[in-house]
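**Student:** Residues per chain, in single letters:
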Amino acid sequence: MNKTLSWIQLSFNSIFQHRLRSFLSMLGIIFGVMAVLTMISISEGAKKELLEQIERLGTKNIFIKAAQLTPSQKAAAVEKLSSGLTMADGSRILAGCSQAKLIAGLNEISAAVRGISGNESPQVVAVSPSYAGLMKILVARGRFFTPFDQMNHDMVCVIGNTLATRLGKNGNIGNLIRIEDHLFKIIGHLQEVDPLSPGKKKTAISVRNYNEMLMIPLGADGSIIARDQETQLSYHGGITELIVQVQDSDQVMAAGKVIHRIMEIAHNHVPDYQIVIPRALFIQARQTQKLFNMVLGAIAGISLLVGGIGIMNIMLATVYERTREIGIRRAVGASRTDIVQQFLIESIILTFSGGLIGVVLGSACAVVVSRIGQWQTLITPWAVLLSVIMAVGVGIFFGLYPAVRASRMDPIIALRYE
Amino acid sequence: MPTPLIQLRGVCKSYPIHDRRVDVLTGINLVVESGTFLSIMGPSGSGKSTLLNIIGTLDRPDSGEFLFNGKNMQSASDTQLSRFRSRTIGFVFQNFNLIPGLSVLNNVKLPFLYASVSRLSAEKRALEAIESVGLAHRMDHKPSELSGGEMQRVAIARAIAIQPSIILADEPTGNLDSKTGSEILSYIKALHDQGATVIIITHDQQVADYTQQRIHLLDGRIAERL
Chain A
1 MNKTLSWIQL SFNSIFQHRL RSFLSMLGII FGVMAVLTMI SISEGAKKEL LEQIERLGTK
61 NIFIKAAQLT PSQKAAAVEK LSSGLTMADG SRILAGCSQA KLIAGLNEIS AAVRGISGNE
121 SPQVVAVSPS YAGLMKILVA RGRFFTPFDQ MNHDMVCVIG NTLATRLGKN GNIGNLIRIE
181 DHLFKIIGHL QEVDPLSPGK KKTAISVRNY NEMLMIPLGA DGSIIARDQE TQLSYHGGIT
241 ELIVQVQDSD QVMAAGKVIH RIMEIAHNHV PDYQIVIPRA LFIQARQTQK LFNMVLGAIA
301 GISLLVGGIG IMNIMLATVY ERTREIGIRR AVGASRTDIV QQFLIESIIL TFSGGLIGVV
361 LGSACAVVVS RIGQWQTLIT PWAVLLSVIM AVGVGIFFGL YPAVRASRMD PIIALRYE
Chain V
1 MPTPLIQLRG VCKSYPIHDR RVDVLTGINL VVESGTFLSI MGPSGSGKST LLNIIGTLDR
61 PDSGEFLFNG KNMQSASDTQ LSRFRSRTIG FVFQNFNLIP GLSVLNNVKL PFLYASVSRL
121 SAEKRALEAI ESVGLAHRMD HKPSELSGGE MQRVAIARAI AIQPSIILAD EPTGNLDSKT
181 GSEILSYIKA LHDQGATVII ITHDQQVADY TQQRIHLLDG RIAERL
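From first to last, the protein sequence lines stand for chains A and V.
So in this note's numbering the end of the first sequence lands on 418, straight run, no missing numbers.
So in this note's numbering the end of the second sequence lands on 226, straight run, no missing numbers.
Don't read these hints as lab results, they were simulated from the structure.
Positions of the beta carbon are idealized from the N, C-alpha and C atoms, including for glycine.
It is possible that part of the hints are untrue.
With a straight-line cut-off of 25 Å between C-alpha atoms, the simulated DSS-like cross-links for lysine-lysine are [to be verified]:
1) V:189 x A:3
2) V:179 x V:189
3) A:185 x A:169
4) V:124 x A:3
5) A:65 x A:136
Covered stretches of chain A, as calculated for chain V (at least 3 residues, CB under 8 Å) [as the list claims (entries may be wrong)]:
6) 330-336
7) 411-417
Next comes chain A alone, as it looks inside the complex (with noise of 0.2 Å):
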């Protein structure tokens, strides 16, 4: 103890009478190092990012997505007796896929919400009385729809947090709110979710902002959209949204499938609607990911590489100066082994102190990416410990070399040494 102590000063001194040549020779390393924890916090950032939005969709559900057609495509799909995404899909999926459990409905409606300030108008949609377990929304105040206000058709409505207090008193459960030239009487708001960071990369599905949400019973919402003749022909009770749950999170590929078959089917091969499962999102993120890793790793082992090379350099240097030094302390009583433990030491320390220096500036950088770049990132301990362990065992395999060269000098010729 007494001896490795003595030998960390001593370390610390040679650094410091050297001190240009042992910053260059970090220099490496310092990158090295910065480069592996930027990279690995964004890397990081968008893994827990795309976790976040997995979690939100939730990794039992299956999203069914209504798709738009083209012209040609609407008139091949009136032959094929397609009628779009219902409710009724629900019901054969419910009927026909044993893992599924509960299904949900949502359907886009474009209304201008009346009466609020500001000129964003809220975007309402139309859901069953199961959405809000199947993504579970939270009701802070009052409550959600029942299937009696499904079955009933009633003009009742729940809304986000934001939007409640937007409307400041007229939001107020009990009240009435215009949506086109309906009244809905609000009966309950929404718990406020935190808002995901917007993204810039789009996945398939994306979260949606329940905060600045009007939602009625889905059922009501066909009183809105038939206000004029026209769509009133075309209205069936068409859902942009269907979301089934299954049991288990691990059923969810296998479902999926099975879906998929019975809407082929039921839909008689017209691709009206398109199929999305967060969870196999997931697992598509984690295929790149995993390429990610690899061309990093790539960098890295590079970067670490070149970093070692110069470590080793200036401590063939650093012996090679300091031969007459290894011989007077063979003469007063160093072993070999003291002389490759202080030379492992210094290079140890120099990398030690480039590793951590490295990491200063990559979580500098990676915040400076987050605030530039709009991504987000997320600097783990492991990563830290990971890219100081990295250079620490950089220091060990290039300074050994040196270390014992410096140990297996003829103390005798080292003495007479100029």
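Keeping the supplied structure of chain A fixed, place chain V upon it in accordance with the hints.
**Tutor:** Only chain V this time, still in chain A's reference frame:
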């Protein structure tokens, strides 16, 4: 009869120079009793330094035996020999051999690093040694700030700080003017007077005259014993 401190029996040593082996020592027999002041003389290349290095365990004989306190050093490992050096041998070199980056104090403390002596007692003994060579006021100076004589005094302090059984001096006055040389010599004599075993390589007949035991090396053999 007590075991002599050092016994050399038929010690031979040769070095490869280019593709030839050059015999440096050819059958040295030598006994040094504890407390002796021995001088080694001889022309350059006669093997004086090699002999001293073998006694100092920096080198090993090719053949023959080297016994220290009756113990054969031939089979000792590098670590054992290093340990042995750190506790029993104090070297004084012609070119001082101080570490330039370290202060006087740290140079003198250097052997303690390898002798497993506690920090406190190392500090104390190093200070005492520096005081005994009259350099207490130079404690924190770097070797480059010292004169030749002072550097050699630091080297002596380093050699005696560990209280070695034997002091090996390889032409300690060779790089000094005669005045400082005799000053250094007086320190070494004082050490002997205090009971230390001293082996000194010298060209100076006056130094040799002072010592109790003298050997003269010629072509790797002891040509003359006095």
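**Student:** Would you list, in rising numerical order, the hints stated earlier that this structure does not obey?
**Tutor:** 1
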